[in-house]
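Protein chains in written order, with my numbering: chain A, 1 to 133; chain B, 134 to 476.
If you're looking for bench data, these hints aren't it; they were derived computationally from the structure.
Given the structure is predicted, the values throughout are model-derived calculations rather than measurements.
Ideal Cβ placement from N, Cα and C applies to all residues, glycine included.
Wrong hints could be hidden among the right ones.
[As the list claims (entries may be wrong)] Far from chain A by the CB rule (all over 12 Å, computed), these chain B residues:
(1) R149
(2) E150
(3) R164
(4) L166
(5) L318
(6) C363
(7) R460
(8) A464
(9) L468
(10) R470
(11) G474
[Claimed, not checked] Estimated spans, in silico, between C-beta atoms of each pair:
(12) B:Q288 x A:E27: 20 to 26 Å
(13) A:P24 x B:G314: 18 to 24 Å
(14) B:D420 x A:R106: 27 to 33 Å
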Amino acid sequence: MNDRPSARELLAAVERFLEESVVPALEGPARFHARVAANVVRIVARELETEELHLEREWDGLSVLLGSVDEEPPRDRAALRESILARNQELVRRIRSGDGDAGAWRAALLEHLTRTVADKLDVAQPPRKGRGE
Amino acid sequence: MAGEDLGERVAAFVAREEGLAAGDVRLGGLRRLAGGASREIWALDLEIERAGGVERLPLVLRRDPPGRVGDGGDRGLEYRLLRAARAGGVPVPRVHWGSGDATILGSPFFLMERVEGETLPRRLLRDERYAKARSVMAAELGAVLARIHALDPAQADLRGLAAPPADRAPARAEVERVADGIRGLAVEPHPVLDLAERWLLERAPEPARRTLVHGDYRIGNVLFDEGGVCAILDWELAHLGDPIEDLGWLCTRAWRFGSPLAAGGVGTRESLVLAYESASGAKVDRDALRFWEAFGSFKLALVFITQSRVYLDGRVRSVELASLGRRTVEAEDELLRFLRGEA
Numbered sequence: 001m002n003d004r005p006s007a008r009e010l011l012a013a014v015e016r017f018l019e020e021s022v023v024p025a026l027e028g029p030a031r032f033h034a035r036v037a038a039n040v041v042r043i044v045a046r047e048l049e050t051e052e053l054h055l056e057r058e059w060d061g062l063s064v065l066l067g068s069v070d071e072e073p074p075r076d077r078a079a080l081r082e083s084i085l086a087r088n089q090e091l092v093r094r095i096r097s098g099d100g101d102a103g104a105w106r107a108a109l110l111e112h113l114t115r116t117v118a119d120k121l122d123v124a125q126p127p128r129k130g131r132g133e
Numbered sequence: 134m135a136g137e138d139l140g141e142r143v144a145a146f147v148a149r150e151e152g153l154a155a156g157d158v159r160l161g162g163l164r165r166l167a168g169g170a171s172r173e174i175w176a177l178d179l180e181i182e183r184a185g186g187v188e189r190l191p192l193v194l195r196r197d198p199p200g201r202v203g204d205g206g207d208r209g210l211e212y213r214l215l216r217a218a219r220a221g222g223v224p225v226p227r228v229h230w231g232s233g234d235a236t237i238l239g240s241p242f243f244l245m246e247r248v249e250g251e252t253l254p255r256r257l258l259r260d261e262r263y264a265k266a267r268s269v270m271a272a273e274l275g276a277v278l279a280r281i282h283a284l285d286p287a288q289a290d291l292r293g294l295a296a297p298p299a300d301r302a303p304a305r306a307e308v309e310r311v312a313d314g315i316r317g318l319a320v321e322p323h324p325v326l327d328l329a330e331r332w333l334l335e336r337a338p339e340p341a342r343r344t345l346v347h348g349d350y351r352i353g354n355v356l357f358d359e360g361g362v363c364a365i366l367d368w369e370l371a372h373l374g375d376p377i378e379d380l381g382w383l384c385t386r387a388w389r390f391g392s393p394l395a396a397g398g399v400g401t402r403e404s405l406v407l408a409y410e411s412a413s414g415a416k417v418d419r420d421a422l423r424f425w426e427a428f429g430s431f432k433l434a435l436v437f438i439t440q441s442r443v444y445l446d447g448r449v450r451s452v453e454l455a456s457l458g459r460r461t462v463e464a465e466d467e468l469l470r471f472l473r474g475e476a
C-alpha cells in the first residue's frame, strides 16, 4: 500500500496547481490547454471514484440483455474491462441484426444504454443540477 | 515556423501579390488567436505603402497547421466561397489574398479582413451587453441562412464543392458516411451509435431542394457584436446538399452551450425556422429538421472519435484532442433522447 498523499489527493494538488498557478500565468492557446488539462485531471479523479461501481452496473445490464446472468464477473479490474468490451461487441452485433428495432428487448436495451451513458457522463462532465433541458 | 519568420513571409507574399517592393509592406501585431484543433488563426496588421499613401489593414490569417494530416478543408475553396458569399449579400469578412501553395507559409492559407466583434459562445449567451444581440440572433441567423442557400452553386467560385452521390438522398448518404467513419475509427464498440444509425436511416428525408450548404453553421462560427450578427465564418465544410442540414446543425444540442433554447442557445426552433421560411420562401419540413438535428449529434460523435484517434495514434500529442474522446458520450446522451422519443 502506498503512502499518503493518496492518488486522489495527488491529483487534487495537480489540479489546483494548474487552475491557480498555470492558467493565470499563461495566455492564448497555452492558457486554454492548461484549462483543458485541469479538466482532464478532474475527469481522472471522478473515474477513480466511480469506475468500480460503473463497471459492475454495466456488466449486470449486459448480463440481462445478453441472457448470461449466471456468468460471474471477472474479479480482476482489467479482465472485467476486457469482458465488458467483448460483451459490448456482442451487443452491437445484436443491434446490427435488428434485434433492437422494436419490442421488449429494445425497451430493455434503451434502459441499459441510458444508465451506462449517464454513468459515463458523470465521469466526463462536472456534476451539475438539471443536466439537459 | 516561428512567428517572426511567418510575419516576414506574409509581408513578402503580399508585396509580391501587389507588385510592390518588399519594404513597402510592413507587418506588425502578429499574434496567434485561440483557435480550434484543425486550424491556425493569427491576427496581424499590415501597412501597405502605395503611391497614393499608406493603407492600414487589420487582418486575420487562416492557415492549416503545417504538417498536420488534412481534415478535408480546402483553404483555396474557402477563399472562393467567402468571395461568392460576399457577392451574394451574406455578411462575411472581405478576403484579400490567399494561396494553396504550401511552400509560401508551410501550408495553404488566406488573409481576410479582421471584422471587429466577438465569437465566444459563452459571452453571447451570458453577458448582459449581448442581451439585444441574443434577442435578434435566431431570426437574423434564419434570414442570413436563406441567403446562403440562395447562392448559385453553378457559379465559378463554387466549383469543386463536395456533393452527395446523385442516386441517394443527401441525408442517407451523410448517415452512411458518418457511420463508416465511426466504424473505421472507433477503438471500442458504441452500441448507442449503432442504434442511432438505424434510427436515422429509417428517417432520412428526401431533400425538398439541393443547395449550397454552409456545413458548420452554428454559434461559435458567428461573429457578433451588441447589435447581432456581423459575419458568418468557417466555410471550410461547405458542400452541396439538403439545406435543412444547416438548420438542424444550428439546433444541435452541443451548440446551445447549456442554454435551454434550441436554436444556438439564443432562440426557439420556431423563431429560427419562421425567419428562414419568410426570407427563403421555402417551407421547412419539421420532421426533416428533427432528423438533421439528431444527425448533428451523430456527426459530432464522429468528430470526437476522430479527434481522440488522432491523439491515440500519436499523430498530435495535444491534451485538447486527448480530452475530446470523453465528449463522445455527450453526443450519445443526446441521441438517446431521440431514440427514447423525448427530443
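For this session: Mind verifying the non-interface call on A464 of chain B? Its CB should be farther than 12 Å from each CB in chain A.
Result: Not fine: 10 Å to the nearest Cβ puts A464 of chain B too close to chain A.
Problem set entry | E150 of chain B and chain A, when compared Cβ to Cβ, separated by more than 12 Å | holds, 28 Å
Problem set entry | G474 of chain B remote from chain A - nearest C-beta pair above 12 Å | Per Cβ check, G474 of chain B is inside 12 Å of chain A; nearest 10 Å; violated.
Exercise. Since C363 of chain B was said not to touch the interface, does its Cβ keep a gap of more than 12 Å from each Cβ of chain A?
Worked result: holds, 22 Å
Problem set entry | Least C-beta distance from R164 of chain B to chain A larger than 12 Å | violated, 7 Å
Problem set entry | 12 Å cut-off, C-beta based - L166 of chain B kept clear of every residue in chain A | Answer for L166 of chain B: violated, closest chain A Cβ roughly 7 Å.
Exercise. For R460 of chain B, which was marked as not at the interface, is the minimum beta-carbon distance to chain A over 12 Å?
Worked result: About 7 Å separates R460 of chain B from the closest Cβ of chain A, which leaves it inside 12 Å; violated.
Problem set entry | Check on L468 of chain B being off the interface with chain A, judged by Cβ distance over 12 Å | Answer for L468 of chain B: violated, closest chain A Cβ roughly 9 Å.
For this session: Take a quick look at R470 of chain B and tell me if its Cβ sits farther than 12 Å from every Cβ on chain A, holds or violated.
Result: Violated, because the least Cβ-Cβ distance between R470 of chain B and chain A comes to about 8 Å, which does not exceed 12 Å.
Exercise. Does the no-contact call for R149 of chain B survive, Cβ to all of chain A over 12 Å?
Worked result: holds, 29 Å
For this session: Could you check the hint for me, namely that D420 of chain B and R106 of chain A are 27 to 33 Å apart, CB to CB?
Result: Hint violated: Cβ distance 21 Å, outside 27 to 33 Å.
Exercise. Lying within 20 to 26 Å: is that true of the beta-carbon distance Q288 of chain B to E27 of chain A?
Worked result: violated, 42 Å
The structure does not agree with the numbered hints 3, 4, 7, 8, 9, 10, 11, 12, 13 and 14 stated previously, though it agrees with the rest.
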